[in-house]
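Protein chains in written order, with the numbering used here: chain C, 1 to 700; chain P, 1 to 700.
If you are wondering where the hints come from, they were derived from the structure by calculation, not from laboratory data.
Among the hints, a few may not be true.
Same chains, same names: a pair is fine if it fits in one copy or spans any two.
[To be verified] No more than 20 Å apart at the CA atoms, straight line, and that leaves these computed lysine to aspartate or glutamate pairs for EDC-like:
hint	residue 1	residue 2
1	K197	D652
2	K542	E371
3	K542	D652
4	K251	E507
5	K649	E450
6	K197	D643
A quick note: this is a predicted structure, and the numbers were derived from the prediction, not measured.
The residues making up each chain are set out below.
2 protein chains.
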Amino acid sequence: MDLVLISIVLGLLAVVYGVFTSSQVLGASAGNEKMQEIAGAIQEGAKAYLGRQYRTIAMVGVVVAVLVGVFLGLTSAIGFVIGAVLSGVAGYIGMNISVRANVRTAAAAEKGLQDGLTMAFRAGAITGLLVAGLALLAIAVFYYYLTRVQGMAVNDRTVIDALVALAFGASLISIFARLGGGIFTKAADVGADLVGKVEAGIPEDDPRNPAVIADNVGDNVGDCAGMAADLFETYVVTVGATMVLIALLVKGAGEALAPLMALPLFIGGVCIVASIIGTYFVKLGSSNNVMGAMYKGFGITAVISAFLIWFATDYALGGMETEIGDNGYTGRALFYCSFLGLAITGLIIWITEYYTGTNYRPVRSIAKASETGHGTNVIQGLAISLEATALPTLVIVAGIIIAYQLAGLIGIGFAATAMLALAGMVVALDAYGPVTDNAGGIAEMAGLDESVREKTDLLDAVGNTTKAVTKGYAIGSAGLAALVLFAAYTTDLREFFPNVTVDFSLENPYVIVGLLLGALLPYLFGAMGMTAVGRAAGDVVKDVRDQFANDPGIMAGTSRPNYARTVDLVTKAAIKEMIIPSLLPVLAPIVVYFVISWIAGEANGFAALGALLLGVIVGGLFVALSMTAGGGAWDNAKKYIEDGNHGGKGSDAHHAAVTGDTVGDPYKDTAGPAVNPMIKITNIVALLLLATLAGGHAAM
Amino acid sequence: MDLVLISIVLGLLAVVYGVFTSSQVLGASAGNEKMQEIAGAIQEGAKAYLGRQYRTIAMVGVVVAVLVGVFLGLTSAIGFVIGAVLSGVAGYIGMNISVRANVRTAAAAEKGLQDGLTMAFRAGAITGLLVAGLALLAIAVFYYYLTRVQGMAVNDRTVIDALVALAFGASLISIFARLGGGIFTKAADVGADLVGKVEAGIPEDDPRNPAVIADNVGDNVGDCAGMAADLFETYVVTVGATMVLIALLVKGAGEALAPLMALPLFIGGVCIVASIIGTYFVKLGSSNNVMGAMYKGFGITAVISAFLIWFATDYALGGMETEIGDNGYTGRALFYCSFLGLAITGLIIWITEYYTGTNYRPVRSIAKASETGHGTNVIQGLAISLEATALPTLVIVAGIIIAYQLAGLIGIGFAATAMLALAGMVVALDAYGPVTDNAGGIAEMAGLDESVREKTDLLDAVGNTTKAVTKGYAIGSAGLAALVLFAAYTTDLREFFPNVTVDFSLENPYVIVGLLLGALLPYLFGAMGMTAVGRAAGDVVKDVRDQFANDPGIMAGTSRPNYARTVDLVTKAAIKEMIIPSLLPVLAPIVVYFVISWIAGEANGFAALGALLLGVIVGGLFVALSMTAGGGAWDNAKKYIEDGNHGGKGSDAHHAAVTGDTVGDPYKDTAGPAVNPMIKITNIVALLLLATLAGGHAAM
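This is chain C alone, in the form it adopts within the complex (with noise of 0.2 Å):
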């Protein structure tokens, strides 16, 4: 049976699973009438939100799809717009579940832990599924119209555009997602924090704050919705990357190369049957311990996919001792290649956890240096984020090195592909975490058994580190993607301009020049994502002491604060604030280039564009890893001394924590993990425009 064939079936499976699944969580209680209220306030608000963000995006979006259309064809602007469309489907479903389970689980939480779990689990498998669900189909069907409806070689230039404007769909409306999402929700959250708990004295969630909606609906829009528009594409770039590079690379393979080029949906598709096996073992055992119950189901899933892709790979290639053209590798190393993904992913995972989680020294240090006050908590998080690169580095380095020996080129698209295979069960590990974060706030603001807080409490605590883990995955495999995407680009550039001897060695000043721009992108993007989180929660300060002072009524309890007008407030910074860094990758290539070629010729252009990719890549995976990791480990450090350590709530090292958590908070949720996409987009630009420059190759 036609391999293709069968990936959409997997991924209709995952679909299916999400429609059961949310008849599930739809049909379970939904709380008393107050909760319903909140819970109702924040949907009306991210409902609201999104709205508007797609409208935004949505004006970008057709201006660069009539540019798409002009300089590469038809078939590329609809590839261009599937991407698009499904990654914002991606990010509605996943913020439409999100807030309908946060009241659900706090209403399960009345119950009991296991009760509050499950029903929060299953909120964020719906959106995992549904996000590596969607992103399957959306390049196994595209890909299967093409080359079996419209009767295109598997390796025809146009399926190879399309995918790539496929992707580009997806990074271009992720990377708005990440960040307006991102903005949104560290602006609310700050500016929450800073009037409520430091001026007002109130605590956090109360829900006489003005700003405790949009904070809520922050989690949902920002954590959930912009999460999710972010693994789409990671997803969707990194799958296609590796068939474009098959397409590009595999010479000899002969009739062998459909199966190979399918073969990295097939990996994807028989990884959904996993994560949906893995979703059913996140139990908790007789010890309470919820990251233990995160880690069963995830080790459930990784176990099933070796042997899944071990036959996966055996069937497409029709035996694992196969040739894989002339190339000089079996289908054996490629599965080694896929293993080698998945380890890349439980190692990151666990590197993540020591950096974030209360148990290791990381965090209990900046817990202790919390104690000499603001400045040393900082000072010791800003040295625990510096330090928390090195290990998945390492580990990254590793990962290129094995796969490179095993298969070449070919061998790092695999691992990369197996890595977003099981993205599935990650972001259901991912999207938990708003869902209890809200959960918490409803149980606060509508007044519930103390009880209940503790337990969404003790739910919230591993939303902490399970959020920073899908962004050291999702940059961990971005690192290897992009170096697949620069293949591409090298292997492109060779095809369309034959005659042009580019010179990639660093021995050009051209190539220091453009690793050194590139380089540049993710501290100027990291500087203006942080600006704007800082600049939008200072109106929300600004709107909620205006509240507070034009109605008394509001502190003391009478009456009900503005709750949609600090949200309209947010939701207008946030969309203001998201345009322009969102535009920096997007343009920067091709400034680049032109400015270049302009000075020193094309070929020199050509040169610096590439070097500016790989500067992206080596730039921004370290801004990245140490701002996510950075951020969860100040987090939790609070977190840890709330426990009762260091003095425990309400002392001066808990003072100390807030302080860094407000500042880890836009590096882990708004520049940090908005590089991810920032990284992949400025690759595909690239790409794009070396197939505009020859001149509509593509054009059908």
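Since the structure of chain C is already known, use the hints to place chain P on it.
Same frame as chain C, but now just chain P:
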């Protein structure tokens, strides 16, 4: 006349200036008995620290000298020792002047602002000109001895290796001095602030604080001695590497090679004259603008330097239109490159002032963000530190492109050389800072009139910016020097291993592995430096708490704290903490080469090592720029608030700004500046590794 001899004479001129001006400084009034007693304690502590630091470094140094002797021959070992000893001497003299000028500046400030400025700036100028003079003499005398006395050819392998070994000696000492001094100064500063300002509620520099002498010692051993050793190293490496590159790359110059190789020395020599003249123009105008006086001195130095470099180039090459060998450019092109170096220096100073001065958006935005608390202060400071990398990177990139277009890699070398030729003046501006900082401390401790402290504060505010300027300048020049060193690496490689084809293309995965590992080094190094400061500061806090607890008379002002005990404690901690991070850049290139060679063959080992060198600069440039600019901005944001803005001293905004300042301390004075010698040491170790692997080509 022999250009090298003229350069030696000009180097001696700097020494004469130093001796003459020293006698002026030492002849001035050292204030009353109380002031002299305090200054004596600082002197004693600084000498004790430097003595112990140098003894520790000497142990490492002797081992390395023997290794250099065994692998590269006696001449190289002598070069190493000269570089190491003079780097130490530069630091020692700087400290020695600084600890005498501090009390005299306080005494002079009693008379007037201009008197204080003159005294402090003269002290800075002594350090500056001795750094430049000794560095020039080190290379020029050694080069003269080898080529004129020993009669070796100017591009003889022994000469090249000896120059590289000399640079290695300077770098090795300077990384220890920068890091050890940086840890000392910030551990004492942060510790004194935490336990004094925050816990005990006593002002900065209060004599009751047992850590107050240690804090003042730190200014001298870190900001002065460490900085002087660093700039000595930067000078030696840059000028030496440019000479090495000329020897390796310029073909067909025949007789003209010798004057061409001497030209970098000659440029260094004439700029010493310009710097000496410039120092006499640092005078307050009618507006009493201290920064303006500094700029006047620098501006005049730069303009005179431009003229003198023109004449030097014309004289050395026998006319500006002389063709440089068969390389396709003339003396005029080399002059333009030197002029470019002067322009880059000016631009970096201007950019640094923009990002760290109190008159511009960045510092003011941090001050404003302090109003909403500690968290927003730190967020905005981090955003500014990320943003502050952009303009210097663009300047460096433009510099690379223009210099390369004008005269290839040699052009980049001349641009870097001209930058460093201004070191006399730039170091003067920097070394002025710790003197005024100390003067303020002494005025406070000796209970001088309030008006004196006001004047020293006015002088000190400028010090924050000038300190940041030198760091931006050093790291910017390192960006150019690293390219020169990388070119030396690749050229050496081809010469030593003509049969090994090394693929430096970005398409080689081992190049990417090298880039990633290289970019990791500054992160890991920064993490170690920050952690060390935190740990040592914690020790200071404990010691001071202990002193307060055991003798209540200290806080009452009736008994004298045991200053020496705290100094001793910080000394031990700093020396212990500096060892491992300093060895990181020494060992990393060796480990990477052998591991990758073992996995993927010698050629890929060389490729990965080369990429590591560029990875260090690509990663390190951004880490260093962001840390030094961000730290300076935080410091001045605090000063801006203390000047009465946003609520002034004691306001909530001020507390937040103190936190930011504390965070910025290890950023700007420990981790950030130490990245500069780290970059170069990695490169130099790689060059020596090549020579060693080539099997003692250079043995005498």
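Right, here's what the structure says about each hint:
Proximity of K197 to D652 under the C-alpha cut-off of 20 Å is found in both arrangements, the shortest distances being 14 Å within a copy and 15 Å between copies. Taking CA atoms no more than 20 Å apart as the test, K542 paired with E371 passes between copies only; the shortest distance there is 12 Å, against 31 Å inside one copy. Proximity of K542 and D652 under a CA criterion of 20 Å is satisfied inter-copy only: 17 Å between copies versus 27 Å inside one chain copy. For a Cα distance limit of 20 Å, the shortest separation of K251 from E507 across copies, 18 Å, qualifies, whereas the shortest one inside one copy, 30 Å, does not.
Taking CA atoms no more than 20 Å apart as the test, K649 paired with E450 passes inside one copy only; the shortest distance there is 16 Å, against 42 Å between copies. In this assembly of identical chains, K197 and D643 lie within 20 Å of each other by CA distance solely inside one copy; the values are 18 Å within and 29 Å between copies.
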